[in-house]
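Here's the letter readout for the chains.
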Amino acid sequence: MVVACSLVGCAPAAAAPHPIVVFAAASLTAPFQALAAAFEQAVPGSAVELHFAGTPSLLVQLREGAPADVFAAADENNMQRAAAADLLVGAAQVFASNHLAIVVTAGNPQRITGLEDLARDGLRVALCGPEVPAGSYARQALAKAGVEVRSLSDEPSVTALVAKVRLGELDAGIVYATDVTDVAEVAGVAVPEAFDVRARYPIAVAAAGLQRDGGARFVAFVLSPAGRAILRDFGFGAP
Amino acid sequence: MSLSADFSAAAGSFELAARLQVGGGETVALVGPNGAGKTSVLRAVAGLLPIRAGVIRFDEQVLDDGSPAGFVPPEARGVGFVFQQPLLFPHLSVMGNVAFGLVARGMARRAANAHAAGWLDRVGLADRARAMPGELSGGQAQRVALARALATTPRILLLDEPLAAADATARLELRRELRSQLQQFAGVRLLVAHDAVDAFALADRIVVVEQGRVVQAGTVAEICGSPRSRYVADLVGLNCFSGTARDGVIELPNGARLVASGARDGAVFATVHPHAISLFRERPSGSPRNVWRAPVLGIEPALDCQRVRLGGEVPLVAEVTARAVSELQLATGGEVWVALKATEVRVQAG
Amino acid sequence: MRSRQPALLWLPASLGALFFVLPLLGLLLRAPWAEFVGELLSPPVLQALWLSVRCAALATLLTFVFGLPLAVWLATAAGPSRTAVRVLVTLPMVLPPVVGGVALLLAYGRRGLFGQWLDAWFGLVLPFSPVGVVLAATYVAMPFFVLTVEAGLRSFDHRYADAAASLGAGPWRVFTRVTLPMIAPSLGAGLVVAFARALGEFGATITFAGNLAGETRTMPLAVYQALQTDPQGAIVLSVLLVMVAALLLFLLRRHWLRVA
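Line order of the protein sequences matches chains A, B and C.
Going by my numbering, the letters in the first sequence line up with residues 1 to 239, in that order.
Going by my numbering, the letters in the second sequence line up with residues 1 to 350, in that order.
Going by my numbering, the letters in the third sequence line up with residues 1 to 260, in that order.
Calculated from the structure, these hints are not laboratory results.
Keep in mind that a hint or two might mislead.
Output of the computed footprint for chain C on chain A, the stretches with three or more beta carbons under 8 Å from beta carbons of chain C [unchecked claim]:
#1 51-59
#2 123-129
#3 154-162
Derived CB-CB ranges, DEER-like [what the hints assert, rightly or not]:
#4 A/Glu76 with C/Phe66: 49 to 57 Å
#5 C/Ala213 with A/Gln140: 48 to 56 Å
#6 C/Leu124 with A/Arg150: 14 to 22 Å
#7 C/Leu11 with A/Arg150: 38 to 46 Å
#8 B/Pro73 with C/Thr83: 50 to 58 Å
#9 C/Leu91 with B/Gly35: 37 to 45 Å
#10 C/Asp157 with B/Gln183: 27 to 35 Å
#11 B/Gln184 with C/Leu91: 54 to 62 Å
#12 C/Phe66 with B/Pro73: 26 to 34 Å
#13 A/Gln140 with C/Pro32: 28 to 36 Å
Coverage of chain C stretches by chain B, computed from C-beta distances (three or more under 8 Å per stretch; other residues unrestricted) [claimed, not checked]:
#14 92-105
#15 169-181
Just so it is clear, the structure is predicted and the values come from calculations on it, not from any experiment.
Virtual Cβ for every residue (Gly too), placed ideally from N, Cα, C.
Model the full structure from these sequences, guided by the hints.
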């Protein structure tokens, strides 16, 4: 066991205080890395440990007692489930929002201009699974637009979906606007305002953690103007 | 009808060069030490070991001439092969095993089974037709293997130490069985025997193979009368020496000398029959030209005599009566006078 | 082994055994047994189970048809080419299945090395189809079959083949009537292991074939999905998979679990 710890890097108990453990949705990977760095600079002596995964996966881990101090989800449904299971301290607050976008192959060879194009015959389209926030939003948007899409697969995350468009296996999919900006092989097609579903990202202090105060300070930092500025830099909208 | 083979082939770590001829109705036994290449000769004849050069021919048909075009595959050679182990197919019944070759050669299943039943009857195992090979004794299994090989009416019957797998009691019966089957078999018969008794009991002619070479070939009487190598001499129970003869005296490699009448000068191979050696308590007086004192290394009972192993410069085995052993008060560790007439040393060019 | 063993070994041995027992206990104790049968018979579960069984069976068939000749070649060939092919065939056993899935996409995907021609010539696109599931399962399962059968062939005593040839059997008859029946235990074990591995395949499947109910959502994918929305359902499915695996191991006991 001792060997295993030293090999995988168990936290040294006495040397430093416990880091603030943050569970964040996969789509928040880039902004939260920046947020953690800024927070550590603003609060000397603090340390933030980030864990990214699909929101439902994070929720499963929280249910099984993972010692997280902060939970940042990609949708409010999952956050409500966490609250209902007594996994949170205090109420969750929405700290950012995101738009939907249609991800297509770079150059848009299939000339997709809107949601209705996704129903076209012979077009290979997939969505995230309905349990994944992006998948749930995508289905809401399609319902608003009255478009029926035959999804080839319930992809487990937006990153998996984008990857398959990059590889050319799919012609299009629906993801977040922030997912398509930095990837060379794909482009984004905006979803018209009328059908768009704004993804709202809530954040809360988690009950199982060891750094409740630190968690609260990190949440406050994310909600502060400095935090919002960083989120805006990465393409996220105001709450 | 005859099989003629004159070929070389790679047999393990050495090159095998064999030359032999077997006529129809004749049984030839290959004898020789372990690893001499006897089995490889059979495998080459069967087509299981392609030869490198030379030719193997049955009558006018070339079975293998070292070229891919001249190679007849084993299934088309018309051979019957009885291996050291019975190698009965464990997933087939005894009947299925004997019928296997017949079905493989195109006979209908029903006819093949009837034929197989006949063969099982001939080897005395008609009642075991439905048994699985695992239920047979070693001797029974080898009889089934023999029936399986004979059932396909091969032109050439190859037997590789067919008695090796059987235990001592089954061996006698199996040897008898084999002899009667061999006599009824009209084709060419080639047998590998490790045991001299098997070879002598079953074969018309003997071919001695050592280190991949045929060193001697002839009838049983010829081989026994003048063995040309230590292996053959040991096989027939003779003492043998190789050395250099000069003026009727053979000098052995260790410097010891044997007087041998009629030895021609040069390298020679000499044999001495164990009966020809006389043992004495006191130094014998009289004519023997070879007299020396030797330690007794051991005394072993043989069929009708005692075999006395003697050490010293000229190691020998002498055969004397049990009475002589007690009269001479021979005992392991003691010494005895040895006398050997010069005329009893048989010499041939080495 | 009848010789005396150092008692010191038994402590880590028990811990090691416990390491495997506890997860199983966790599943069995947390399973909602009251709703077990109802959950099992629900249409989505039956659909996933039926799809899994069909795809695993087809993958096992492909494994047999292509894996057996491969095993024969590996058992007879020698030299660097054999080593190379052996490494290639073994690779999927040690690769993370997701990597296998990516590799399959790059080879047989719509833009893949080979897949682009399938699409261009026959309009055949393998990813996101049940055929893709079969392919992914075959990719991860075949190595187990090939290695098991190759080992069987290597321990096969070729003198039996010699005996059959001398009796007049050509190479094909020797192979089908002697070699194959005599290595039947290895063949059977290889097929069962391949089927079990195909049934449990997840990573390559979700990457290469996607995840769509009734089309490509096999049992393991259903477990993964259920875990995120309905953990109780996930446990039921997991227990079901454990039972199937246990059944397969039971079939294998003669070959793998029994000490000679």
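Hints, one by one, checked against the model:
{"no.": "1", "hint": "51-59", "result": "holds (count 4)"}
{"no.": "2", "hint": "123-129", "result": "holds (count 3)"}
{"no.": "3", "hint": "154-162", "result": "holds (count 4)"}
{"no.": "4", "hint": "A/Glu76 with C/Phe66: 49 to 57 Å", "result": "holds (50 Å)"}
{"no.": "5", "hint": "C/Ala213 with A/Gln140: 48 to 56 Å", "result": "violated (19 Å)"}
{"no.": "6", "hint": "C/Leu124 with A/Arg150: 14 to 22 Å", "result": "holds (18 Å)"}
{"no.": "7", "hint": "C/Leu11 with A/Arg150: 38 to 46 Å", "result": "violated (58 Å)"}
{"no.": "8", "hint": "B/Pro73 with C/Thr83: 50 to 58 Å", "result": "violated (30 Å)"}
{"no.": "9", "hint": "C/Leu91 with B/Gly35: 37 to 45 Å", "result": "holds (42 Å)"}
{"no.": "10", "hint": "C/Asp157 with B/Gln183: 27 to 35 Å", "result": "holds (32 Å)"}
{"no.": "11", "hint": "B/Gln184 with C/Leu91: 54 to 62 Å", "result": "holds (59 Å)"}
{"no.": "12", "hint": "C/Phe66 with B/Pro73: 26 to 34 Å", "result": "holds (27 Å)"}
{"no.": "13", "hint": "A/Gln140 with C/Pro32: 28 to 36 Å", "result": "holds (31 Å)"}
{"no.": "14", "hint": "92-105", "result": "violated (count 0)"}
{"no.": "15", "hint": "169-181", "result": "holds (count 6)"}
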